[in-house]
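From first to last, the protein sequence lines are chains A, B, C, D, E, F and G. Note that the working numbering has the first sequence beginning at 1, numbered continuously upward. Note that the working numbering has the second sequence beginning at 1, numbered continuously upward. Note that the working numbering has the third sequence beginning at 1, numbered continuously upward. Note that the working numbering has the fourth sequence beginning at 1, numbered continuously upward. Note that the working numbering has the fifth sequence beginning at 1, numbered continuously upward. Note that the working numbering has the sixth sequence beginning at 1, numbered continuously upward. Note that the working numbering has the seventh sequence beginning at 1, numbered continuously upward.
None of these hints come from the bench; they were simulated from the model. Predicted model, so just to flag it, every value in this text is computed and none were measured. No residue lacks a Cβ here, since even glycine has one placed at the ideal position from N, Cα and C. Check the hints yourself; a few may be wrong.
Listed next, the in silico DSBU-like pairs over lysine-lysine satisfying Cα-Cα at most 35 Å (straight line) [unchecked claim]:
no.	chain 1	residue 1	chain 2	residue 2
1	C	K182	C	K227
2	B	K3	C	K230
3	C	K250	C	K215
4	C	K124	B	K65
5	B	K217	E	K280
6	C	K116	C	K199
Incomplete in silico selection of chain D near chain G, CB under 10 Å [to be verified]:
no.	residue
7	I58
8	G88
9	Q194
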Amino acid sequence: MEYIIIVISAIFVNNIVLSQFLGVCPFLGVSNKVQTSMGMAGAVTFVMTIATIVTYMLQNFILVPLGIGYMQTVAFILVIAALVQMVEIILKKVSPSLYQALGIFLPLITTNCAVLGVALLAVQKDLPLMQSVVFAIANAIGFGFALVTFAGIREALDLVDIPKPMRGAPIALLTAGILALAFMGFAGIV
Amino acid sequence: MNKLLAVSPSPHVHSGESVNKLMFNVVLALLPALAVSIYYFGLGAFVVTAIAVVSCLAFEFLIQKYLLKVTPSISDGSALVTGLLLAFNLPSNLPWWIIVIGALVAIGIGKMSFGGLGNNPFNPALVGRVFLLISFPVQMTSWPLPIESRAHYMDALTGATPLALVKEGLKGGQTMSAISEHIPNNMQLLMGSMGGSLGEIAAIALLIGFAWLLFKKVITWHIPVSIFVTIFAFTGILWLIDPAHNADPFFHLLTGGVMLGAIFMATDYVTSPMNPKGMWIFGIGIGALTVIIRVWGAYPEGVSFAILIMNAFVPLINTLVKPKRFGEEVKKNG
Amino acid sequence: MSSVVLYTVLMLSALGVISAVVLYFVAQKFKVYEDPRIDEVEAILPGANCGGCGYPGCRGFAEAFVKADDISTLFCPVGGNETMGNAAKVLGKEAAAVDPMVAVVRCAGTPEHRAKTNAYDGAKSCRVASSLYSGDTGCQFGCLGLGDCVDVCNFDAIYIDEVTGLPVVDQDKCTACGACVKACPKFIIELRKKGPKGKRIFVSCVNKDKGGVAKRSCSVACIGCGKCVKTCPHDAITLENNLAYIDFNKCKLCRKCVEVCPTTAIWEVHFPARKPKVEDETAQPVSEN
Amino acid sequence: MSQLSNFTKGFLRENPVFVLLLGMCPTLGTTTSAINGMGMGLATTFVLAMSNVVISLIAGLIPAKVRIPSFIVVIAAFVTVIDLAMAGFLPALHSQLGLFIPLIVVNCIVLGRAEAFASKNGVLPSLIDGLGMGLGFTFALTLLGATRELLGSGAIFGFKFISGDGILVFVLAPGAFFALGFLILIMNKLAKKQS
Amino acid sequence: MLKTFSIGGVHPPENKISAGSQIVVLPLPKQVSIPIAQHIGAPANAVVTKGDKVKVGQLIAQSNGFVSANIHSSVSGTVASIDPVMDSTGYKRPAITITVEGDEWDETIDRSTDLKEECNLTAEEIIAKVGQAGIVGMGGATFPSQVKLSVPKGKKAEVLIINGVECEPYLTSDHRVMLEKGHELMIGIQILKKALRVDTALIGIENNKPDAISHLSQVATKYSGIEVHALKVQYPQGGEKQLIKALINREVPSGALPIEVGAVVHNVGTAVAVYEAVQKSKPLFERVVTVTGKHLATPSNFLVRIGTPISEVIAAAGGVPENTGKIVNGGPMMGKALSSIDSPVTKGTSGLIAFPAEEAKRKVAQACVRCGKCVSVCPMGLEPYLLNRLSQKKMFERMEHEHVLDCIECGSCSFECPANLPLLDYIRLGKAEVGKIVRARKA
Amino acid sequence: MSSTPNTIDHFGRVDEITLSDVRVSIISQSACASCHAKGACGMGEATEKTIVITKPNHNFIVGEQVKVVMKRSLGFKALFLGYILPFIVVVLSLIILTALGISEAVVGGISLGVLVPYYAIMYYFRNKVAQSFNFDLEKLQ
Amino acid sequence: MAKESTFSNMTLTLLVITLLSSAVLGFVYELTKEPIRKAQEAKINTAISNVLPEFDNQPSAEATEVQYDGGTLVFYNATKGGEKVGTAVKTFSNNGFGGLIELMVGFNADGTIHGIDVVSHKETPGLGDKMETSKSGFSVQFQGVNPEDFKIRVKKDGGDVDAITASTISSRAYCDAVQRAYNALKEGGK
Ligand SMILES: Cc1cc2nc3c(=O)[nH]c(=O)nc-3n(C[C@H](O)[C@H](O)[C@H](O)COP(=O)(O)O)c2cc1C
Ligand SMILES: Cc1cc2nc3c(=O)[nH]c(=O)nc-3n(C[C@H](O)[C@H](O)[C@H](O)COP(=O)(O)O)c2cc1C
Ligand SMILES: Cc1cc2nc3c(=O)[nH]c(=O)nc-3n(C[C@H](O)[C@H](O)[C@H](O)COP(=O)(O)O)c2cc1C
Ligand SMILES: Cc1cc2nc3c(=O)[nH]c(=O)nc-3n(C[C@H](O)[C@H](O)[C@H](O)CO)c2cc1C
Ligand code: SF4
Ligand code: SF4
Ligand code: SF4
Ligand code: SF4
Ligand code: FES
């Protein structure tokens, strides 16, 4: 039951982008192609999960026992940055062709905000490991969900003539706003 | 010959159908519901509708003329429909300035920002309505009592909608049988004798409008029927599992905005899928989300949210679900 | 100092070293260097992202520009010589000056000269119309006036004159990106040298019909009489398919051909007005600016 | 570029929020009121200015390949400093801004300026650049916060202008998107008029 | 329930005003201009020169390749010029202009009206005769018929389908041919069957021509293996893919020819022309043309010599009325508007329709409201609203992916669109661009 | 950019040509391409990716702009092998180990650790994987 | 500027930078430790003094924690001149619209409520957040009432409390928390 609540809450009620405002930049910037955003969602899921596990361990088995919880920010960002890069190196080393295919498929995974934010939130909520991971996955799905839907809308908007001054950021923000408005309907489900 | 012959690519004949006619037929189809509403809510229904319609038309005109600098096209009737439907989604005692804000949001944000008719991904009237619902929860959830408050606009006596009564009751630990004493019976629900947004109450009038729209081929049956079926099945299952704590499926179909939403708002061309398969997915989504919000969410009613959320999926549905093509099946072998 | 500080130092240092190791490997594997000059060049470019240079967007051009050994083949038509000069400076190179070009509309068939023979009523697009039929006048080569060229111009440099129904290029705004040239289904627009102070001479017609036919459908058509070819002292004019063409690289702007053309199909623009007769003011938009 | 324009460019011409669309998360997430927006902006400004200074000092000493991690460490350190300081001295604001304080560390603007400006320029220009950008950011956040506060609850910096509630959406999530969308629209128009 | 095809379709007002008018032979014109490209495929090569004397039915231009067709003189007289003449698209294309002098027919042609039932030729001989006679599809596409009769190796024709649908509003030439030349039609069908080596022929006729259905059903009883089927009235049932679907419930795969499903489709006019060519050695030099229009004095069906100026044909029906706004060559759904009535009648001219000015102008286009009506009427299951947008935005690769090449240009989408959008205008444009891309890729 | 829904394409520039290979650097086409701060955001260092294409079907010159085309299904396959599958492996081991009642520190450590054999296996199969991923270079007109 | 990157100089640089930063951080942490603790304490103290009559002891220094209803209640006894003037109870409810709500409820010595202050909540701005004393007079109706004869339930549920408009859920949770404090106080807190 806790898991279900965590999942529904993260995907719908407190959607990471639409109500928590994490990862807004890639949401607004990258998501104009459905296939790309799907790829991005997959990659983010992996990165978020791994990052959450690592930061969980870091927090609970190093920072807290040593009494230096305040070092969270510094420690987390370094670990996450190193981690993401390591995945890349390993992938490249392990299977260059796979790595190349991903290079064509995905633009950058610039989701610092979301990854660090979720790691911090998971720690803040004081969830046990398993729940932290579920929390991370659910948020990643929530991110992907918002991203893909939004990319769909923007692909469709590519075909219509948006008034000139509205093009670009303004219309993206308005669309996101209406999406957030619609998502408020989930309020109170958990 | 003194006049020049016209030259154009084929075809050289046209069905004679026009956007204006379609919209006009929607307006006609809405009239029975408006009549019922004026019967139950009297002055308020009339005033709210008038304000909503006039301000939608006015905003469309002003924005097109002065901001977008294009020739205004209010005569196509779409703003009129938006105005009517916005009004239909409001309580009949809503202060005028809130209605005007709603119209501004509906037309300005919901429609014109995207380039006007045909371009908006979300249903404008619902964007306006939900915006108001979240912004002015107090005003937007006090419902004038039918008949009793016919002669009043702002100072009407108010009560709750049947859905809100059920939700409150269940949350307060009562069972359905206890609650059902306070709510109208199915016949009353069908005829519209209950509190609610001014256009949503009379299921029967809305169904007459449905028949008209089908007859005039303005819409197809797929979306409304898929919504009805889904809601009926979903709530039916819940009801069968635990009749004490779940309202029966007829109650769910006849209350709140289901009829209005399914027949008039989910079918808005611009914001719904383009082919029957897609329409089924769309309708099932709306039905399921409606029930989820009604049963588990904070809001007693979820049709508006459900439609808006599914609106967001329409582009995806349209790219993923294609109409059946001539000759496509055979191709696989060949 | 308390143990907290000690732990802090220890932990962060450990992290620091780990990152260093990780990054060392990253550095080994990735070519991470992005030439900062790309940014500088990009900043100099006009940022129209029009593709006129043949690259996907200004940045694509900037990258190619910085990487290229020989920059003489690269040119941003929008920015022109000045921009290219500045961009070359970033690389410490010299940009070869390119003669400024401008889009020129080679049709003068106003309704007055070229009567309508039917009324086009299809989609407002030259491409649609030309795929359907020859056009709404007797001339099957002339401008359709539906403005496909106008639609593609990113610089608002071209518009349809309401009176003549023909496109007019604003030579100050035109960047010679060539988009309109590609868009025109009738091949009416040509990029020509802008000429000193905008002075240029060209045949404002693309009609390849024989003289009589051409003349019947449009009174200012080139009828292929060849007088200009004979008159030109610089061998700049050729005649092919009943149509004269002036090579702008050879033309010395002597204006002799203009005088001899019996149908005023040869235009001169931005020349001082001639003293004696100017036959047809409307056909010669000396006022074009 | 003169020092002055170096300083002022962040306000309109290169405003990180309105023009560059960077740091959207804190922009949207912390601007429920003018004061919150301003607090967030100033906290970011502090980090931006200080890290710019430090980075301009040390940039020459750092091997290219560890530039980014070094910068991150410096920035993260300053973020922790401001985090701790706010918790100690401005507890109310600190709890309002919550998660977004540690997230300054990933704010593209901060690292962006470090990388694009501070690492190539002297201390003073870097300080001015950091302050300018930071104040531009603060300006945007305050403006957005004020707009949302005014529309959402009829007040600015807590001063009530209108009795009653205001348009509630504006203090909620969707309102953040709406308000920012329209502000960018207006800023674009202004920028166009100017040029 | 009457048979029809499964997806899409519209039902425009039929307006078959001239259905009751018997075919009248049009008097000879003074001069004819016979274009050397009247068919799909390579233009023919002129084999006469200026000043040559020609007879009716004499070969004047030779087929130039497999997909091409012979062209015969439709009159007797002197070749006046071989120069470009304005065709119905306004472009000038090469044509052989002949000044009419008398009416002398080539001797080989059997001018009698008696029916000649037996045909002892082999399939190959039939096909050769059809080719010599320059027969092209009379259903509008003007595809050289002998090509369609030469079944490619590895494929087998199972059924011959005769297209008597005439689903276009106004047009009645096929209708009249079926009524007046029923017997010739049947013999033509037998010959076609022989050429194709099939046993069955199905004639599809829409139910708005009950007289033709009953007449042909009755005539057909005399012949074996010919069935007449009444079809529900639904445009574009005459499209061959739709007709095949309606009659034998098979779908021609996307991008394939009817032979893929064992069917070959010919128009009734084509079958009659085949009869005349094979049995009477008469090449294709005249055809039935419907001349009609609501405000025309006498809507008629004429037998017209190819090359006759359109103006003369219309004059015979009472002339172009005062307030005519548009004249269309072909049906109102697929026909081409004429920019001038001076161009000649060709093998593909099935009808000439004059529209009064008030019906001629298109209405002003509004915004697409995504009503989906275009999607629901498209007989090919395409999404015209999307194709239209993609074409306007020049996204041709995506158009290819959305199967624009399947579009049969029936115009149902433009007809139905409540926003009056010129959908087909842009789709056709995009189709051409995509065609170019595809061809470039193959090359 | 006009990729049909079945393929993915990406603009790139030819960097180097050897006897058998063409080395192309991918120009990022995401929003980052035009973003002024891209050099700076966390992963900025890896913005430019190089891919190697063996024996392409055209002749290219260094510096030429080309389009790298790949089947879309390959993109998703890459995504699956690169991110989704390891993700599943990690989560599965988490679930199993947690169910076994092992302490969190160990669970976390091991589940991250399983990535090592995962990548080892990938490494083992790298040639097989390599065969299934192929790209094409197209010239830009 | 960029120096050649070698393994050792990279490691060394990062080591130095992290060393320096961490030293600085440790120092700042030591500096702010006290203020942070004080700030947290001050928050509690303000809440206590807001809800209790005047006192002269240090209630926060003598707090007692009690496990109750699956959560923790904290009792702060206030005395004046050695005489007990009342008890502040830090109480909670999990039924808020946004989850957890923490209140400080001040009881006079005779068991009547003296005042209530909100310690923390996540209710919706503009709706549920009206429970805050500064935002509306909602809490005033509790002052001076004795829970024995004043039914701490919203009127909808048959109690005596006027709910915040359109925020029945928050009001219910508020009542729930107050009732919990009172129950606990009655049972053993004294
Ligand atoms: C390029 C091309 C090749 C064709 N080849 C054949 C063929 O080999 N055999 C055949 O029976 N029909 C062939 N056809 C004819 C078509 O099947 C069809 O009858 C003709 O295009 C007219 O049909 P419509 O009027 O329905 O468009 C071909 C058509 C085209 C355009
Ligand atoms: C939309 C559409 C409608 C058509 N309608 C008819 C029709 O009514 N009658 C007809 O004979 N051919 C019609 N055709 C042409 C047929 O598809 C086909 O080309 C013809 O029946 C083949 O016979 P033919 O080669 O003898 O002309 C139509 C084609 C299309 C694309
Ligand atoms: C986004 C959103 C936020 C809400 N926030 C609160 C809240 O903080 N507190 C609350 O009691 N109700 C809140 N509600 C309203 C509840 O959903 C519910 O409608 C209300 O509490 C019961 O209505 P009533 O108080 O008018 O009986 C919120 C609703 C939404 C959609
Ligand atoms: C069947 C039908 C339903 C419509 N429903 C709505 C509606 O729910 N809300 C609305 O704003 N407009 C509605 N319209 C009007 C119009 O389509 C709408 O304003 C467009 O979304 C504007 O682009 C409807 C129109 C039709 C024909
Ligand atoms: S007029 Fe033509 S060449 Fe000149 S800028 Fe416009 S599109 Fe480019
Ligand atoms: S110049 Fe060409 S593109 Fe421009 S209006 Fe004339 S025909 Fe159209
Ligand atoms: S019929 Fe017209 S209005 Fe309707 S979807 Fe198609 S193009 Fe749009
Ligand atoms: S013209 Fe093409 S797209 Fe339009 S309905 Fe006919 S087949 Fe479909
Ligand atoms: S600030 Fe850019 S993603 Fe959060």
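Which of the stated hints cannot be reconciled with the structure, identified by number in ascending sequence? As far as the earlier hints go, 2, 5 and 9 are violated by this structure, in ascending order.
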